[in-house]
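A.B. asks: Since each chain comes alone in its own frame, lean on the hints to assemble the complex.
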Amino acid sequence: MSDIKNVDARGLSCPQPPMLAKEALQKMDKGTVEVLVDSSTARENVSRVARNSGWNVTVEEQPGGVYRIVLRK
Amino acid sequence: MSSVSRFLTSRWGPIITGLVIGVLAPVLVKLGNPGNMGICVVCFSRDIAGALALHRASVVQYIRPEIIGFVLGALIAALHFREFKPRTGSAPLVRFLLGMFAVFGALVFLGCPWRAYLRLGGGDWNAIFGILGLIAGIGIGIAFLKMGFSLSRNRPAPKALGWVMPAIMIALLVLLIAAPQFGRDADGNPTGPIFFSTAGPGSQHALLVISLAVGLFIGFLAQRSRFCTVGAIRDVILLRDAHLLYGVLAFIVAAFIANLALGQFHPGFQNQPVAHTDELWNFGGMVLAGLAFTLAGGCPGRQLFLTGEGDGDAGMFVAGMVVGAGFSHNFSMASSPSGPAAFGPITVIVGLVICIVIGLTMREVKT
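Taken in order, these protein sequences are the chains called A and B.
Residue numbering for the first sequence follows this note's numbering, starting at 1 and increasing by one per position.
Residue numbering for the second sequence follows this note's numbering, starting at 1 and increasing by one per position.
Only true hints are included.
FRET-style restraints, in silico, Cβ to Cβ:
hint, chain 1, residue 1, chain 2, residue 2, range
1, A, 27, B, 136, 26 to 34 Å
2, B, 6, A, 52, 15 to 23 Å
3, A, 56, B, 200, 53 to 61 Å
4, B, 159, A, 6, 25 to 33 Å
5, B, 267, A, 70, 47 to 55 Å
6, A, 29, B, 342, 55 to 63 Å
7, A, 70, B, 82, 20 to 28 Å
8, A, 57, B, 260, 38 to 46 Å
9, B, 366, A, 28, 22 to 30 Å
10, A, 56, B, 160, 37 to 45 Å
11, B, 6, A, 58, 14 to 22 Å
Because the hints were derived from the structure by calculation, they are not lab data.
Ideal placement from N, C-alpha and C gives every residue a C-beta, glycine not left out.
Just chain B, with the same shape it has in the complex (with noise of 0.2 Å):
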C-alpha cells in the first residue's frame, strides 16, 4: 500500500488521477449521469440543494452519491495514511462566502471547472469560453496573493469536528436511500421533505451502487494525487510548476478518446447537453469561478477531498456552494440552456466587485 501512496504522490499521481476521472465520467454519462455530466462537483452540490428543497427547481433535485463517495473516499485515505488531521480557524465565515460566490459563477456557465474540462472533452466549444474565464480568474486571483492576500492559518482542531462533514456525507447517503416523504399536497405532489426529480437532469443518474463506488475511488486517488482543477493552472502562473497541470491535460485527454470510444463526442456549439452559447457569460461566470476558487486555495473538488482530510475551513467551502446553489435557483441567477437567466449577469458584477474587496481586504493579522 506505501507503494502504491508514493507513486500517486510522485509526479504520476495527477496524471493517473485524471486519466482514471477521464474515463469513469463518459462512463457514468453512458450509465445515466446527464451528457458531459459525468462528474460536476456545482452542479452535483445543486443537485443535493434541490433534493434538501433548498431550492426547488424540479428538474435538478437528486442526493448525488458522487458527492458522497468523494468526501468518504478522501477520508479513508487520510486515515489510512496518517494525513487525517482536523483543523480549522482559517476565516471560515469568508470561505462560506467565496464558496457560494463559486457557486453563482459556475452555475451561469453551467459547470465547474471539473465539467468545463469534461465538456471540453465531450466536444461542447462553449466549454473554450468558459476554462479562458477561469484562467482569467485564477489570473485576478494570483495578483491578490501576490499583494499579500491570505485567508491566515488554521489551527489543530479535535478530532470530532474532523469527523462533521463525513458524518453529513453518511446522513446524505441515508436520507438517499430512505428518500423520506411526509405526505402529499391538495394538488398530489409530494411535499418532500426529501425531493427527487422526476424530469430533466437530476432525473437522469447511474446506479446508486456505481456512483458511489466510482465517487470513493477517486476521492481515495485524489487525496492522495492532490489533484486538483483549479490548482493545476494557478500553480504553473505562479510558480512554474506544471505538476497539477499535467494531470488536468491527461483528464482531458481521457475524456476525449473516453467520449469517442462510446459516441458521445458530438463537436460544435449548439445543442449541447445542459449549456447555452453565451460567450460573454460563460466566460464571466467562469471568471467570477476562478477568482473565488483560488482565493479559496483550490477547486471544489478538491476542498470535497480536503474535508476528508478533517478541514473545517472547507467545510465552510462546501457547506457556502450548497447554500448558494439554493439561492442561485430561488434568485434567478442560474442559467439554463436558453441561456443566462435574469439576474446571472449582475449577480456575475456584484460577486466579482465582493471578491475583489475580500482580495483587498483579507490579510494575515500577526499576533
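Extracted from the complex, chain A is given alone in its bound form (with noise of 0.2 Å):
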C-alpha cells in the first residue's frame, strides 16, 4: 500500500488551502492524500482542484466543522 499524504489546512485562507492541496498531488503520480479543512469554501475548493486533476474525492464531515478530504487517484 503507498503512503499516504496529510495536509492540514485548518484555519488557513484563501488561496492557501486548494494549493497545498495542489502542491502535495503534484509530487505523488497516485496513491492517497487526505486534506484537513474548517470551511465549506476550502472544501469546495480542494475538492474542484483535485478532481480537475483526476482525482478521486471522498469528503468526511467531522465535528467541530472539520472536513476531512480524502483525495484518490
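C.D. replies: Put into C-alpha cells, the structure is as follows:
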C-alpha cells in the first residue's frame, strides 16, 4: 500500500488550502492524500482543484466543523 | 432553498452572481449612483469614511447602503446555510495594514477591482491600465504565496465576535437614517457628526431602500457563490482554475450590455466619470491594490462577505479600508478627475515596499 500524505489546511485563508493540496498532489503520480479543512469554501476549492487534476474525491464531515477530504488516484 | 444553494455553489454560482451584479450596478447608476460607480467597494468605504468625518473631502461623504447590505445579506445566507462561523487570529494587525494600502492604491486609480471592471463595461478605457496593474499586483502576491507567505491560521471565536461587524452595519444604517446634526458653525455650515455631500459623487445615490435591497441581494448571492474579483485572476494563474474567472467575465459582459441598453456606454479615454487619464498611475495604483488584496486573501467585496460569516480578520481588513480612505484624502493621496494627487505616486511606491516586506516576512509559526 502506498503512503498517505496529510495536509492540514485548517484555519488557513484563500488560496492556501487548494494551493497546499495541489502541491501535495503534484508530488505524487498516484496514492492517497488526506486534507483537513474547516470551512465549506476550502472544502469546495480543494475538491474542485483535485477533481480537475483527475483525482477521486470523498469528503467526510467531522465534529467541530472540520472536513476530512480524501483524494485518491 | 437547498437546491438554490447547490446551484450557487456549483460552477454556475459565480456566473449567475456576476450577471446579476453586472446588470444591477448600471441600473443603480441609472437610479442615481455616480457614473460607472453602481458599486465600488473602495469608493463606498471612502464615502462612509467621509460621512463619519474621518476625512473632510466634502464631495465624497455618504453612508452607502450597498455596503451595509453586502454584510447583512452575507450574514443572512451564512446563518441560513450554517456557515456563520466566527473566527479570528490570523494576523489581524497586518490585515488592517493591507486594507489601508489596498485603498491607497485603489484611490490612486479611482476604483476597486469591482469598479475597474464596471468602468471597462462602461467604455472607460483608462480601466484597462488599472486592470493590467491589478493582474501584475496579483502576480506579485502569488510569487510570495509560492515562497511560503502566510498570515497564519485563524481560530474559532465566540459567537459574539461574529456579530460585531453586522452590529456596526446596523449602527451605520441608523446613522444614515437619523443623520444626527449637533449644530452649525459661525459660517452656518453643519458641524456633524454625520456629513453628507450636497455636491459631487457623494451626493449622487439611488434611493436608500433600493441601494440596501440590491446590497442585501448581492451579499446573499456572493456569500453562496464565493464571488471574488481578485480570486478570479489569482486562481487561474496559481491553480489553473477558472471557476471564479467565469464570474468576472460574466460580470463585465453583463455590465457592458446593461450600459448599452441604458444609454450609459461611452467609449473613450477622455471625460470619463470619476476617472483620470494618467496611464502610469492608473497602472501603479492597482499594482499596489492587487498585491494587498492578494496577500489578504480576496477582493474588498469578498472581505465584506466574509465579515458576514463572522470572520473577524476580514473585519480588520474592512476597518483598515475605511481608516485608510480617511488618510488617503487627508494626506492628498487620492486622485481626482484632474489626475494623481500630490502624494499619490510616492504613496504607491512606499506602499509597494511595505507590502513586499510583508510578503517576505510573514510566515506561519509552527507551534
